[in-house]
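Asker: The primary structure of each chain is shown beneath.
Protein chains: 2
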Amino acid sequence: MAQKVGYIGLGLIGAPMARNLLKAGHEVVVHNRSRGIVDELVSEGAIEAYSPAEVARQVEVVFTCLPDSPDVERVALGPDGIIEGAHEGLIHVDHSTIKPESAKLIAEKLGEAGIRCLDAPVSGGDIGAKAGTLAIMVGGPHETFEAVLPLFKATGKTITHIGESGAGQAAKACNQIMCAAQMVAMSELLVLAEKSGADPEKVIEAIKGGAAQCWTLDTKPQRIFAGNREPGFKAYMQHKDLGIVLDTARTYGASLPVTAVITQLFEAMLQNGLGDLDNSAVLGILEMMSNTKVGP
Amino acid sequence: MAQKVGYIGLGLIGAPMARNLLKAGHEVVVHNRSRGIVDELVSEGAIEAYSPAEVARQVEVVFTCLPDSPDVERVALGPDGIIEGAHEGLIHVDHSTIKPESAKLIAEKLGEAGIRCLDAPVSGGDIGAKAGTLAIMVGGPHETFEAVLPLFKATGKTITHIGESGAGQAAKACNQIMCAAQMVAMSELLVLAEKSGADPEKVIEAIKGGAAQCWTLDTKPQRIFAGNREPGFKAYMQHKDLGIVLDTARTYGASLPVTAVITQLFEAMLQNGLGDLDNSAVLGILEMMSNTKVGP
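Protein chains in written order, with the working numbering: chain A, 335 to 630; chain B, 335 to 630.
In isolation and in its complexed conformation, chain A is listed as follows (with noise of 0.2 Å):
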C-alpha cells in the first residue's frame, strides 16, 4: 500500500533509500542540507521541504540518515526538528549509526510528544542501499516495528527486530567491531604477502573461498589493486563508528582489545588526511607502517 513518507539526510546511504521508496510507488517528502541531490530526487518525483518539521508534518513516517548522535538529536528535538512537526500516528525511523544512549534519548522526548520512534540502522554500504538489499537492525516497540516494515522491505533485505530502543544501535556497533576487523584484517594480510614475494592478487584469489571468506575480500580487493580509494563508506564515518562502539563499551562495560588498535588506525588515517577515502584505505597505515606498497 503505498504511504506518505519523508526522507531526511540524502548522502552516499540515505539518498539510494529515499530512490527506492519512490521506486517502491510511495509519495517521498525529503529534505537535505546541501540541494544538489535535492533537485535529483525532485526530477525522479519526490517532494521537497524547507525543513525537518515540514516533513514531519505532512507524512505518515519520517526516515533520517544523518552523520552521527549530535546531527540526528538537533534534526528530531531542535528548532524546526521534527517534534514540531508531531501528529497522530506519526513514526520516526533514524536509519543513522548513532550511539545507543542518544537513541534511547530520542525515542523518549519524540515520545513524549506522542511520536512513535525506530532506531534501525543498516549496514550494506552504498552498494547495499543502491541495489536495496541493506541489513537493518531496528530498536524499538514490537507494534512499530511491524508498522513500518512493509517500508523497511524496500529498502532492506535483512530485517531484524532486536529488541527495545536502543538495541538497534547496539546491533550496529557489533556489526562495526566485525567490518572493521575484516578491513584492517584484510590490510595486514595484503602487507604481508606483499612483503613476502606472494602475489597478492592471487593470495585474494586463494583465501577468499576458504575460511578466511567475508564481505570485505568479495568486495574490497577489486577496487584495492584497482587504486581506487573512493568511498564507498568514508574512513572517517568507519572512525566515528569505532568512537560508538568504544563509548558503548565503556557505559556498559565491556573490553574489546582488539577494536580498540583497530580505532588507532582509523585515528592514523585522519592524522595523515586520509579520512575522506574508502575505509579501506587502511591499507594505506598498514603499508605505511611495514615501508611497502602493495599492488599498483
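What the hints contain is simulated information worked out from the structure, not anything from laboratory work. Hints may contain errors.
Repeated chains share a single entry, so a pair holds when one copy, or any two copies, can fit it.
What the hints assert, rightly or not - With a straight-line Cα cutoff of 27 Å, these simulated DSS-like cross-link-like pairs (lysine-lysine) come out: (1) Lys536 with Lys357; (2) Lys438 with Lys536; (3) Lys357 with Lys627; (4) Lys338 with Lys357; (5) Lys491 with Lys542; (6) Lys338 with Lys536.
Starting from the known structure of chain A, fit chain B onto it as the hints suggest.
Answerer: Same frame as chain A, but now just chain B:
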C-alpha cells in the same frame, strides 16, 4: 585416472582428505602415528604402511598433513622419512601449515634426492575437509602443480597456484590473519551485545547478512549458542599458525599490530588450559576480560 597415492598424518583434516581420495577411486597408502584411524581407513579400502619411507616407495604422490614445521621436516627428511623412499617421478605434497622458510628448505632437500615438491596448505576446517571443498594454496613449480591438480580436485574446490616454493605457505599465513581476526571480532561483538542487553542471537541474525558477513559468522555461532566448544580447529593450532604468521612477518619485515594483539588472546587461551577447545572458544578469554558470559 586412478593413481596410487600416499597419505601421512590422518588427523581432523588429513583423515577426511584421505577418505575423499579413496572415494575418487585412487589407491591410498596410509601411515599415522596413532593406530585407530589407520584401522578405520584400512576397513574402507586403504593400504597400511609402517613408515613414511615405505609409503613413498610405493606411490606416485605422497601427501602429508602434520601439526607443525618440525613434524614435516622429520617425516620428509628424517630417518625412515620420505627422502628414503625417493624414486623416479615421486612428488611430495604437504598440506600442513608450516613456515614458508621450512617449506623452502624441504623442497630444496627433497629436490636434491629427485623428489618434486609442492607446499599446499588448506583452509576450510574439518567441515571443508569432509565436504571436499577445501581451499588449497599451492607453492612450487607450475608443472608439478599441473601434475597434481586432478588429485587436488578430489579434496578441494578453490585450488590456486600462488607461486614458487613457500608461496603456498605465505598465502596460508595471510589466510590465518583473516580467520583469527574474524574469530576474535565475533567474540568481542558477542560480549558487547551481551553487556549492552541486545540479544546476541538476534544480533548475529541481523548482521550476518550485511557487510559483516563472513564464514565465521555463518558457521560458528550455532556451535557457540549450543554451548559446544568441541573442535573444529583446535585453539592451540590457531595459536601455532599465528606464531608462523608473526615469524613470517619478522622474516620478511611486515608490521602487523592487530594480528599481534589477536595472537596474545590465543596465548591467553593456552595459559588458561583452553588450547584443546575450538578456536571459537577464544570467546572465553573475552568473556573473562569483561566478566560476563554470552548465551547458555
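Asker: Where does the structure disagree with the numbered hints, that is, which hint numbers, in rising order?
Answerer: Going through the list in order, the structure violates hints 1, 3 and 6 and respects the others.
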